[in-house]
Amino acid sequence: MVAEAKQNGVATMAGSKVQLMSVKRGEPTLVSPAEAACDLALIGDLSTPDPAALGQLVYSVPGAKSILEMPPMTAQVTRFECGGFSIGLAMNHCMFDGLGAMEFVNSWAEMARGATELTVPPFLDRSVLRARDPPVISNPHHEFEEIADVSEMAALYGGQELVYRSFCFDPDRLERVRGLALADGDLERCTTFEALSGLVWRARTRALGLAPEQQTKLLFAVDGRRRFVPPLPKGYFGNGIVLTNALATAGDLLSAPVSRAAGKVQEAVRMVTDEYMRSAVDYFEATRSRPSLASTLLITTWSRLAFNGADFGWGEPTMSGPVTLPEKEVILFLAHGKERKSINVLLGLPASAMDTFQELMDEI
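Everything in the sequence shown is counted per this note's numbering, starting at 1 for the first residue and increasing by one.
Worth flagging that the hints you see were computed from the coordinates, not collected in a lab.
Source: prediction; values computed, not measured.
Here a beta-carbon is modelled for each residue, glycine too, at the ideal position from N, C-alpha and C.
Incorrect hints may appear among the rest.
[To be verified] Listed below are the simulated DSSO-like cross-link pairs for lysine-lysine, each with C-alpha atoms no more than 30 angstroms apart in a straight line:
id: 1; residue 1: Lys234; residue 2: Lys328
id: 2; residue 1: Lys341; residue 2: Lys328
id: 3; residue 1: Lys338; residue 2: Lys65
id: 4; residue 1: Lys234; residue 2: Lys338
id: 5; residue 1: Lys328; residue 2: Lys338
[To be verified] With beta-carbon atoms standing in for the labels, derived distance ranges:
id: 6; residue 1: Pro257; residue 2: Lys328; range: 40 to 50 angstroms
id: 7; residue 1: Trp314; residue 2: Ala286; range: 45 to 55 angstroms
id: 8; residue 1: Thr318; residue 2: Pro212; range: 43 to 53 angstroms
id: 9; residue 1: Glu152; residue 2: Arg288; range: 22 to 32 angstroms
id: 10; residue 1: Asp362; residue 2: Phe123; range: 43 to 53 angstroms
id: 11; residue 1: Val150; residue 2: Pro291; range: 36 to 46 angstroms
id: 12; residue 1: Glu267; residue 2: Pro231; range: 17 to 27 angstroms
id: 13; residue 1: Arg130; residue 2: Thr249; range: 19 to 29 angstroms
id: 14; residue 1: Pro291; residue 2: Val229; range: 20 to 30 angstroms
id: 15; residue 1: Gly251; residue 2: Glu35; range: 36 to 46 angstroms
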C-alpha cells in the first residue's frame, strides 16, 4: 500500500482496472494496470520514501497544471514480476481526511471481496459542519498567524541541502520518551503522542539553532468526530479534523525539560472543544485564510491509519505508506513493524541541523 502526501494518497495490494472520472470534462478515463519490470521486494522499506521510484506507482494526470485540473481521486494498479501488485491513490484533501480515506479504502476492499453491505457506510451530508450564519469567531486561532523569522531560517534552508532521515521508536523507546516527559513531576499523565511530539518539537528547535526570542509554533490535527456536540455520524465522509496549535519561544522550550513542550501539546489537545472547532469553521468561512507555516512545525500522524487491513481479496498489504517526502516544515509519524506498535519519525532538515538532531535522538 502506498500513499501520496501531496494530494493525500494511499495504495494497497490489489489488481483490476480502475474507472476514473475527469472533473473538467466529465468523461471517464480507463486506467489499466501498469507493469513494473522488477519484483515488489525492490521497493524496499517505506520508512524513508524514494519519490522518484514510488511516484511511478501513483497516477499523474498528463498536462495538469494545477489541482483544479485533476480529478478528486486517481488510482493506479501496478503489477510486479513476482506476481505482487500495488494500488497507488492520489486524493484531494477536500474529499476527506486521513480517517475518511482509510474508511473509503477499507470499504472499497470489502466491495472487491464481494460484500453486499459495508461495515461502515459513508455518511455524505456535509451540512453538519456548515459554518454558522453569521459566523461566530469565539476563540483565538493562532494557527493562521504569521510569525516573524528573527533567526534567519530562510537563509539556513536556502544555503544547505535538505537531508531526510527516519528515526524508529519501538515500544521500549517510546516508553522512555514518556518517562522523560513525566520525570520532573510537572505532568501527572502523558500520552505517547504528547511526549513524542514535545520531544521532536524541542529537538528540532535546538537543531535549527533558533534564537531564544524566536517564537515557534507547533501544529497538528485532532480528530473532532467525537468532540463535536453531538458527535459526527459514524462514517462521516469529509474532513472531521481541526488544526490545533501550541506556541512557545525557542528559549522557553530549550531552557526547560521535555515536560514543558509535552505540556503545551496537552494544552493544545485540551482546547479542542465543540465551540473551538465551530469557531475554526467560522473563522475559515469569514477569512478563507490558510495556516501560516512560518517558524512552524506541522506534525502529521499516519500511525493510527489502518490501511494495512485493506484486503482486496489477496490478503492484507505487506506494506503501506506515503510516496513523497514531507515538506521542510513537516514531520511524519508512521506506524512501523508487523504489529504496528513502533513509530517512525520522518523529517527533513538542513545537513548541519540534521547532524544535531541525530545526536539528540541517539541520546534517547
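Original post:
For which of the previously enumerated hints does the structure constitute a violation, in increasing order of number?
Top reply: 1, 3, 6, 11, 13 and 15
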